[in-house]
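Chemist: Sequence:
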Amino acid sequence: MTASHVARRVGQAVLVLWAAFTLAFALLSALPGDAVQARYEDPALGLSPQQIAEMREAFGSDQPIPLRYARSLGGFLTGELGYSVSSGTAVSELIAQALPATLALATTAFLLGVALAGAVALATSFGPFGWLRALLRSAPPLLVSLPSFWLGILLIQVFSFRLGWVPVINASVAQGLILPALTLAVPVAAPLSQVLLRSIDDVLAQPFVHTARARGAGTGWLVWRTVLRNAMLPTVTMAGVLFGELVGGSVVTEHVFARNGIGALTLSAVAERDTAVLMAVVVIAAAAFVLINLAVDLLYPVLDPRLRAPAASRGRRGAAHGGEPAGPAGDTRRGAREIPNRPGSGHDEDKESLE
Numbered sequence: 000m001t002a003s004h005v006a007r008r009v010g011q012a013v014l015v016l017w018a019a020f021t022l023a024f025a026l027l028s029a030l031p032g033d034a035v036q037a038r039y040e041d042p043a044l045g046l047s048p049q050q051i052a053e054m055r056e057a058f059g060s061d062q063p064i065p066l067r068y069a070r071s072l073g074g075f076l077t078g079e080l081g082y083s084v085s086s087g088t089a090v091s092e093l094i095a096q097a098l099p100a101t102l103a104l105a106t107t108a109f110l111l112g113v114a115l116a117g118a119v120a121l122a123t124s125f126g127p128f129g130w131l132r133a134l135l136r137s138a139p140p141l142l143v144s145l146p147s148f149w150l151g152i153l154l155i156q157v158f159s160f161r162l163g164w165v166p167v168i169n170a171s172v173a174q175g176l177i178l179p180a181l182t183l184a185v186p187v188a189a190p191l192s193q194v195l196l197r198s199i200d201d202v203l204a205q206p207f208v209h210t211a212r213a214r215g216a217g218t219g220w221l222v223w224r225t226v227l228r229n230a231m232l233p234t235v236t237m238a239g240v241l242f243g244e245l246v247g248g249s250v251v252t253e254h255v256f257a258r259n260g261i262g263a264l265t266l267s268a269v270a271e272r273d274t275a276v277l278m279a280v281v282v283i284a285a286a287a288f289v290l291i292n293l294a295v296d297l298l299y300p301v302l303d304p305r306l307r308a309p310a311a312s313r314g315r316r317g318a319a320h321g322g323e324p325a326g327p328a329g330d331t332r333r334g335a336r337e338i339p340n341r342p343g344s345g346h347d348e349d350k351e352s353l354e
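Be aware that the sequence shown starts at 0, since it is given in numbering that gives the first Met the number 0, and climbs by one per residue.
FYI, nobody ran anything at the bench for these hints, they're computed from the structure.
Possibly wrong hints are sitting among the right ones.
[To be verified] Label-pair restraints from in silico Cβ distances:
hint	residue 1	residue 2	range
1	HIS254	LEU26	18 to 24 Å
2	THR88	PRO31	21 to 27 Å
3	VAL235	GLU92	31 to 37 Å
4	LEU145	TRP220	35 to 41 Å
5	ALA52	TYR299	51 to 57 Å
6	THR88	LEU297	35 to 41 Å
7	SER91	LEU46	23 to 29 Å
Built from N, CA and C at the ideal position, the CB exists for glycine as well.
Using the sequences plus the hints, can you model the full thing?
Modeler: Shown next as structure tokens:
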């Protein structure tokens, strides 16, 4: 990976962030009415027209849209996110209070989802019973279609109200993470297991796997040294997308479980038409999505050494193998050469014959 490639990817990430900010600002500015004026014109507050005008000036809502855009963009670039219309608190302070809970939930759900996806994919591909493999193969498409709010309510009904295993009231920090994380882990595990399972099927159909089996390689060696290493690239891509969605897309789940995170802050900002808070939430969600996918892109050459080789070298290597791929991530052909001939396998060819 060259410096120009890294610079190009970083530039694309910055461009996406700017586009997300601009689109969010345009949509919020197109809403009818003035959020500041609507908030402070309430007769119960007893503010005079002059005081309301001063409030609009303080929040900048009396300025032309281009000037507001430039001021808002400059504030985000310098870390000044503005102030909440409803509470007058700095938006950065509100985000700092809500973000840790959302990150803890998203990280726990993601790790749990990855573990579930790996277990389902491996059991489906290498399970001992045909009926179990067929059942597990049909499970991910069903789980993908489950609404998260319905699943969350179902888990509360079963594990909290009926079984009493997870308390709803006065729960500890760890207990409060169990059901929300499981609710978010299912929609993560379902598509991830589908991608991983499809990748495993593709790898198992490759000639080098059949050669390794013929030379006496066991299932465990194939799984950990060959199959999973080749199935990781598309799976890592999907995992990055899903984790980025978790950070900004846990609004419904946090609302179902009454968690004070970014989701609750977003719902409150929507109800109050708190533009500054909504802009901050949109930018944070976009930044999480973009940065995670940028990290995945930069991680590709680490996972697949072929991507680190110059193009000419890859072309010569592909021609040397008759147009076939140069080998999976970590050079599985080399791994196949390392398999010793086992007694009774009936294969005593020279190791270089695998080339």
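Chemist: Take the hints in turn and mark each one as holding or not.
Modeler: Right, here's what the structure says about each hint:
no., hint, verdict
1, HIS254 <-> LEU26: 18 to 24 Å, "22 Å, holds"
2, THR88 <-> PRO31: 21 to 27 Å, "26 Å, holds"
3, VAL235 <-> GLU92: 31 to 37 Å, "35 Å, holds"
4, LEU145 <-> TRP220: 35 to 41 Å, "36 Å, holds"
5, ALA52 <-> TYR299: 51 to 57 Å, "55 Å, holds"
6, THR88 <-> LEU297: 35 to 41 Å, "36 Å, holds"
7, SER91 <-> LEU46: 23 to 29 Å, "26 Å, holds"
Going through the hint list in order, the structure satisfies each hint without exception.
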